[in-house]
Amino acid sequence: MSEGEPADRRNLSEAYLIERAKFIRLETMRLTRIAGAGHYSSTFSAAELFAALYYGHLRLDPKNPKWEDRDRFVLSKGHAAIGLYPVLADLGFYPLSKLDDFTRLGSAFGDHPDMKKIPGIDFSSGSLGHGLSIALGMALAGRLTGRTYRSYCMLGDGELNEGQIWEAAMAAGHFKLQGLVGIVDRNQLSIDGPTEKVMSVEPLADRFTSFGWDVKRIDGHDLSAIMATLSALKPAGTGRPQMIIADTVKGRGVKYMELSLDWHVGNLVGDDYDDAWAEIEAGLQPFEKEDA
Amino acid sequence: MSAAGQDQSTLFRGDEGELRLKDAKSVRGTPAKAMPAFILGEELADLAETDPRIVVATADLANSSRTRDFANRHPDRFIDFGIAERNMITAAAGMASCGLVPYVATFASFAGILAAEAIKTDCAYPRMPVRIIAHHSGISMGFYGTSHHATEDLGMMRTIADLTVVCAADANQLRAILRASVDHPGAMYIRLGRGRDAEVYAQVPADFAFGKATTLREGKDLTIIATGSQVHAAITAADRLAETGASVRVIDMHTIKPLDESAVRAAARETKAILTVEEHNVVGGLGSAVAEVLVDEDRLPFRRHGIQDEFSLIGPPAALYAHYRLDADGVTAVARELLQIN
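Here the protein sequences come in this chain order: A and R.
Quick note on our numbering: the first sequence kicks off at 1 and runs consecutively.
Quick note on our numbering: the second sequence kicks off at 1 and runs consecutively.
Accuracy of the hints is not assured; some may be wrong.
Claimed, not checked - Each computed BS3-like pair below joins lysine-lysine, with the alpha-carbon atoms no more than 25 Å apart: (1) Lys117(A) with Lys66(A); (2) Lys197(A) with Lys255(A); (3) Lys22(A) with Lys255(A); (4) Lys66(A) with Lys120(R); (5) Lys116(A) with Lys63(A); (6) Lys22(A) with Lys66(A); (7) Lys216(A) with Lys289(A); (8) Lys116(A) with Lys66(A); (9) Lys116(A) with Lys120(R); (10) Lys176(A) with Lys234(A); (11) Lys116(A) with Lys257(R); (12) Lys117(A) with Lys120(R).
Stated by the list, open to error - Computed footprint of chain A on chain R, listed as stretches where at least three residues anywhere in the stretch have a Cβ under 8 Å from a Cβ of chain A: (13) 77-89; (14) 95-101; (15) 116-122; (16) 125-131.
What the hints assert, rightly or not - Over 12 Å on every C-beta distance to chain A, these chain R residues come out as not near it, computed from the model: (17) Val55; (18) Ala57; (19) Tyr144; (20) Phe210; (21) Lys212; (22) Thr215; (23) Pro258; (24) Leu259; (25) Glu270.
Don't read these hints as lab results, they were simulated from the structure.
No residue lacks a Cβ here, since even glycine has one placed at the ideal position from N, Cα and C.
Please construct the entire structure, taking both the sequences and the accompanying hints into account.
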């Protein structure tokens with residue numbers, strides 16, 4: 001991944017990205033065990049999105065994390081950072097061994113990412129509802145300074161309840177920031193239940209469209225669909241900001257976690273850990289929605 | 001004292017004279033220079049001439065903050081975020097992460113209180129050089145009422161680590177603050193009054209430094225430590241007390257955080273009493289900050305003067321300042337009580 005290489009020209013096979021998504025899930029397992037608790041299901045839903053973005057798309061230079069022309073990525077759903085840390089290590093931002101004391105006293109790596117401590121993290125996050133405003137500011141700065149990078153923000157669906165998201169959405173449409181790219185990990189659940197029961201976010205595409213965004217809705221576990229959508233993004237410039245609503249399954253990859261409310265935070269031990277590990281290694285099986 | 005009996009046609013009344021409702025229409029036409037603290041937009045525009053990193057934003061208050069003066073000269077570097085203060089402050093942090101130095105202005109009540117978490121989480125914690133300009137602080141919004149009064153913001157901002165918190169006493173000091181702020185590390189909360197503050201500094205103070213208090217009067221009987229709008233009241237009170245033989249030191253504690261503790265300790269050792277004066281709740285602001293230092297010192301008469309932990313009344317600003325004894329008469333009276341002189 002050298003400087004300035006257009007990401008969509010990278011010759012990456014889908015099989016490779018599937019392996020990287022698997023790596024993200026397995027590392028989430030490993031790190032959760034070190035910490036004693038972790039956000040499995042919110043990270044599992046985003047595994048394919050992380051893989052596509054970081055291995056296949058974003059314009060980055062791990063040797064120069066502060067490269068001014070790099071694409072920016074804001075993980076507004078900061079609790080999925082446990083899935084991002086191994087990716088940044090894998091890409092060469094820091095050694096993977098740095099994660100061996102994940103969340104221990106004095107570690108740079110906590111449940112939510114800290115830009116001042118971790119190379120490759122473009123902005124600290126954790127408090128939901130902020131990230132789209134941050135990425136909006138980055139896109140405004142890019143326009144002001146004449147740079148061509150895009151600003152990406154990954155949002156949870158539950159955090160769309162936060163009012164500030166819509167302040168940012170309104171401003172992005174108003175300022176016509178085509179270089180701002182939102183990605184909603186539409187994994188269907190927030191902590192207390194299905195989003196549509198707790199606080200409905202649909203019709204999501206219509207909502208962003210009405211705020212002036214260009215919206216695509218895709219299967220967020222289908223790597224070829226994700227890559228095709230990312231490759232088709234328009235460059236930074238004046239036009240409608242771009243939103244990708246990625247329909248995903250919270251907990252995807254471990255059957256009993258899928259669309260379960262019990263695994264927002266958890267810790268697998270003993271045979272449970274080994275079984276889940278084996279299930280992830282076997283790869284994604286077709287998702288079957290159980291009738292309620 | 002109460003607001004009763006005030007001429008209700010008074011829109012604003014301060015030390016600089018009265019302004020009546022019939023004149024209100026002319027306010028907008030008044031040149032910025034005639035309204036002291038409203039040099040904000042003009043000074044930032046001057047700084048931006050030589051510094052391309054500077055951008056300015058407001059939340060639908062371009063006229064009230066006179067950031068309009070900046071917009072007129074640097075339209076491409078001015079952003080109006082509409083009435084969305086949190087988005088403005090968080091987006092400013094995003095801009096700062098890309099190398100810009102944003103100055104974002106709105107009423108103190110909506111900067112330091114409504115958007116407090118954005119200041120903590122997005123500006124101070126990642127040490128982004130965002131300068132939050134909190135104008136119309138304290139009770140200066142007068143009859144707009146409690147929603148528009150900000151007598152809690154210093155207390156809230158002071159508890160945020162790595163945030164510089166500073167109050168401007170007048171237009172010249174504001175110029176010094178803005179000039180010194182450009183390259184100052186980390187986030188900053190700059191608290192302004194209503195832009196009608198009487199002059200304290202005849203010129204832009206050349207020796208201004210964050211965290212270094214300015215001693216404006218020397219004395220040994222009492223030290224008045226004041227900040228922002230109350231510095232002028234404090235020096236006027238000191239001069240009046242001097243006429244009756246009391247020797248009063250006046251410290252302009254412009255920087256609330258980091259506090260100039262040595263100035264407080266010297267006052268405790270070299271003068272006989274300390275009075276803090278602030279247009280803010282006595283809980284959490286300047287008075288509290290000074291008290292935290294004094295707890296290590298030998299006891300001496302000490303009083304925190306300000307809003308006594310209540311939601312302030314509504315009324316024309318001058319009436320409120322009189323009611324809460326936050327004008328020269330009031331500060332003089334409080335100082336006399338503390339010194340037990342008539």
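Tested hints:
no. : hint                     : in the structure
1   : Lys117(A) with Lys66(A)  : 13 Å, holds
2   : Lys197(A) with Lys255(A) : 23 Å, holds
3   : Lys22(A) with Lys255(A)  : 14 Å, holds
4   : Lys66(A) with Lys120(R)  : 23 Å, holds
5   : Lys116(A) with Lys63(A)  : 17 Å, holds
6   : Lys22(A) with Lys66(A)   : 28 Å, violated
7   : Lys216(A) with Lys289(A) : 23 Å, holds
8   : Lys116(A) with Lys66(A)  : 12 Å, holds
9   : Lys116(A) with Lys120(R) : 15 Å, holds
10  : Lys176(A) with Lys234(A) : 13 Å, holds
11  : Lys116(A) with Lys257(R) : 22 Å, holds
12  : Lys117(A) with Lys120(R) : 17 Å, holds
13  : 77-89                    : holds (count 7)
14  : 95-101                   : holds (count 6)
15  : 116-122                  : holds (count 4)
16  : 125-131                  : holds (count 3)
17  : Val55                    : 7 Å, violated
18  : Ala57                    : 9 Å, violated
19  : Tyr144                   : 23 Å, holds
20  : Phe210                   : 21 Å, holds
21  : Lys212                   : 27 Å, holds
22  : Thr215                   : 36 Å, holds
23  : Pro258                   : 20 Å, holds
24  : Leu259                   : 25 Å, holds
25  : Glu270                   : 41 Å, holds
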